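From first to last, the protein sequence lines stand for chains H and R. Mind the numbering: the first sequence is residues 12 to 261 in the numbering used here, read in order. Mind the numbering: the second sequence is residues 247 to 629 in the numbering used here, read in order.
FYI, nobody ran anything at the bench for these hints, they're computed from the structure. These numbers come from a predicted model, not from an experiment. Note that the Cβ used here is the ideal one computed from N, Cα and C, for glycine as well. Honestly, I wouldn't trust all of these hints.
[Unchecked claim] Chain H residues, not near chain R, derived (Cβ > 12 Å throughout):
| id | residue |
| --- | --- |
| 1 | Asp-23 |
| 2 | Asn-25 |
| 3 | Ser-45 |
| 4 | Leu-87 |
| 5 | Glu-104 |
| 6 | Lys-113 |
| 7 | Glu-119 |
| 8 | Asp-132 |
| 9 | Ile-159 |
| 10 | Pro-182 |
| 11 | Lys-206 |
| 12 | Leu-218 |
| 13 | Val-231 |
| 14 | Ser-232 |
| 15 | Glu-248 |
[Claimed, not checked] From the structure, some residues in chain H lie toward chain R, with a derived Cβ separation under 8 Å:
| id | residue |
| --- | --- |
| 16 | Gln-80 |
| 17 | Ile-202 |
| 18 | Val-228 |
[Claimed, not checked] Listed below are the simulated DSBU-like cross-link pairs for lysine-lysine, each with C-alpha atoms no more than 30 Å apart in a straight line:
| id | chain 1 | residue 1 | chain 2 | residue 2 |
| --- | --- | --- | --- | --- |
| 19 | R | Lys-353 | H | Lys-204 |
| 20 | H | Lys-206 | R | Lys-353 |
| 21 | H | Lys-207 | R | Lys-511 |
| 22 | H | Lys-236 | R | Lys-511 |
| 23 | R | Lys-353 | H | Lys-27 |
| 24 | R | Lys-546 | H | Lys-258 |
| 25 | H | Lys-207 | H | Lys-61 |
| 26 | H | Lys-27 | R | Lys-347 |
| 27 | R | Lys-347 | H | Lys-207 |
| 28 | R | Lys-260 | H | Lys-61 |
| 29 | R | Lys-546 | H | Lys-43 |
| 30 | R | Lys-522 | H | Lys-65 |
| 31 | R | Lys-353 | H | Lys-230 |
| 32 | H | Lys-207 | R | Lys-353 |
| 33 | R | Lys-559 | H | Lys-13 |
| 34 | R | Lys-546 | H | Lys-204 |
| 35 | H | Lys-204 | R | Lys-522 |
| 36 | R | Lys-522 | H | Lys-207 |
| 37 | H | Lys-206 | R | Lys-347 |
| 38 | R | Lys-522 | H | Lys-230 |
| 39 | R | Lys-260 | H | Lys-204 |
| 40 | R | Lys-421 | H | Lys-61 |
These are the residues of each chain, in order.
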Amino acid sequence: MKILVAVKRVVDYNVKVRVNLEGTAVETNNVKMSMNPFDEIAVEEGVRLKESGKCDELVAVSIGTSSSQETIRTALAMGADRGILVETDDPIEPLGVAKLLKVICSREKPDIVIVGKQAIDDDANQTGQMLAALLDWPQGTFASRINIENTKAQVTREVDVGLETIEINLPAVISTDLRLNEPRYASLPNIMKAKKKPIDIIPITELNIDIAPRVKVIKVSEPPKREAGVIVENVKELLEKLRNEAKVIS
Amino acid sequence: MSESFHDIREAVRKLCAGFPGEYWRNLDRERSYPTDFVDALTNSGFLSALIPTEFGGSGLGVQEAGAILEEIHASGCNGGACHAQMYTMGTILRHGNNQQKETYLPKIASGELRLQAFGVTEPTSGTDTSRIRTTATRRADGYIINGQKVWTSRIEYSDLLLLLARTKPRESGKKPHDGISVFLVDIRDLQNQGLEIKPLRAMINHSACEVFFENMLVPTSGLIGKEGEGFRYILDGMNAERILLAHEAIGDARWFIDKAVGYAKDRVVFDRPIGKNQGVQFPIAENYAEMCAAQLMVQKAARLFDNQESCGKEANIAKYLASEASWRAGDTCMQTFGGFGFAEEYDIERKFRETRLFRTAPISSNLILSYIAEHVLGLPRSF
Ligand SMILES: Cc1cc2nc3c(=O)[nH]c(=O)nc-3n(C[C@H](O)[C@H](O)[C@H](O)COP(=O)(O)OP(=O)(O)OC[C@H]3O[C@@H](n4cnc5c(N)ncnc54)[C@H](O)[C@@H]3O)c2cc1C
């Protein structure tokens with residue numbers, strides 16, 4: 012069985028992000044970048060399936076600038092076998108990413124694609140679903156547990172009412188939720204081994220896919236500063252403030 | 247942002263994230279050993295970075311090992327409990343015989359054996375190692391050790407001890423350091439057999455001990471290299487140690503600067519963040535500049551060491567500059583935090599105590615300055 016995991020290079024979750032001077036995007040110059048945490052979970056799940064003998068080959072794919080190779084190396088050091096970078100300097104929207112991943116899937120023919128449910132930079136939560144639709148494959152989103160048996164996957168999903176377990180046929184797309192697993196940190200010997208694992212770099216132009224943006228970002232602004240709290244005397248005053256100041260009840 | 251050995255640093259940071267300030271605070275209070283932290287580092291192979299691959303390590307240089315230690319310290323952790331497991335083996339690697347290497351290095355690499363105690367300093371000799379008084383007297387079945395060491399770190403958590411002792415009196419050789427030998431001592435079964443260890447209460451949680459030897463037998467196989475040549479063997483190990491600990495000091499400086507910057511932005515006094523005042527900004531900026539400069543020297547020394555070029559001058563200067571930079575950054579950080587710098591909960595006071603060590607050990611700043619003055623600049627000898 013072959014598994015493909017998609018990994019995205021994003022601003023590290025510890026960084027306090029700032030809007031750039033032009034107000035068009037979040038500043039990424041001189042900012043620490045890391046693998047999207049949900050993608051780390053995806054890689055970890057793939058590595059665990061390898062360790063359990065269910066997966067023979069684990070391939071990590073990233074779409075992004077040449078620096079995304081670092082992110083792929085992280086996946087290789089965690090235990091992926093090889094990497095593919097679709098190289099581009101432009102930001103790609105979820106639909107573009109899904110189309111590109113579809114091309115990679117047609118070349119690689121994986122049995123499962125595992126993606127993070129969302130990337131922490133744009134929180135779109137679309138790529139996995141769009142990819143499944145384009146491929147016409149079943150999908151199991153927001154997985155908190157994955158169980159693979161032969162040609163089927165049981166995916167436990169975190170939904171509003173609790174946990175829902177579904178069974179889907181392979182090949183399928185699965186997206187990871189936070190509680191699926193706790194990703195490992197790479198050991199030094201594995202970091203050294205990862206340096207020798209191959210990364211195939213494909214210039215985006217070679218794939219001939221329409222990745223033109225469908226959405227135009229008009230403005231990016233910081234959230235309003237949080238005002239200091241106030242202590243109210245009684246419930247009456249609280250209700251009055253909620254109604255007239257916060258305007259959250261009527 | 248590009249940094250050297252990004253992948254290694256990233257993995258170390260992730261490991262360290264599991265050992266937050268609270269973990270170290272509790273250990274500091276109890277003066278106990280960070281077993282879980284050391285196990286995590288061992289299991290992920292970081293402590294065997296310098297051991298060649300043929301003996302089960304990763305075969306890397308002090309540049310990579312330094313990056314590991316720097317990141318440990320920049321994450322608010324402390325490598326002092328186990329850094330010596332990385333480099334003490336260098337003496338065996340470079341000067342031991344094949345049997346010693348094959349017996350010990352693979353087990354040190356796997357962590358099955360700990361070699362992280364190095365007995366040099368004695369109460370009466372001070373920095374003048376030529377005056378150590380611990381003796382090793384030859385007998386048919388080995389050497390009989392008598393004497394005393396002080397500040398021997400981690401010996402309670404070590405299976406093996408690298409020991410410096412006199413096999414000939416100081417007066418009998420041509421040079422003051424002739425007649426000193428190095429031994430690799432398996433101390434696991436020696437307690438009550440001539441070895442006594444007494445932990446010292448100290449300013450920091452560093453597991454430093456007094457060690458007493460009374461007719462302790464070391465088998466002949468424990469001698470490293472030739473008898474009487476020991477001081478020479480430990481010299482290049484000392485350069486490695488200085489370069490690696492200089493990385494730790496750089497890591498501390500980064501941590502202090504990071505904390506100071508964060509607090510200076512957040513803390514509002516007189517209706518403005520304190521970091522808006524240049525009186526608060528400038529010391530931090532100055533420390534940052536000093537840290538960057540020291541870091542260049544540390545990197546240079548490490549590069550030379552890894553290329554097997556002579557690096558005594560650079561290793562010493564690196565250790566000096568890095569320890570001064572971390573100390574000053576620590577002081578600024580204390581000042582920036584005001585009264586809260588003294589609160590245990592902020593970890594500043596603990597780090598401040600911990601980083602002070604680098605100005606004293608493994609070699610104190612004055613001795614480095616005298617080395618630079620006399621050996622680099624050719625000034626008259628003072629002692
Ligand atoms: C926490 C801790 C852990 C340690 N771990 C180890 C260990 O594991 N193994 C080990 O062997 N040692 C260890 N040491 C010992 C350490 O290496 C020594 O303390 C250090 O080298 C200084 O030696 P000393 O204490 O004898 O000071 P001294 O040599 O007595 O010096 C005292 C002061 O005088 C200054 N001085 C001395 N001579 C001169 C001179 N000619 N010119 C100018 N100034 C001079 C020194 O710079 C110093 O400031 C440790 C020490 C500490 C505090």
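Query raised in the report: Which of the stated hints cannot be reconciled with the structure, identified by number in ascending sequence?
Result: Hints 1, 2, 3, 4, 11, 16, 18, 21, 23, 24, 26, 30, 31, 33, 35, 36 and 40 not satisfied by this model.
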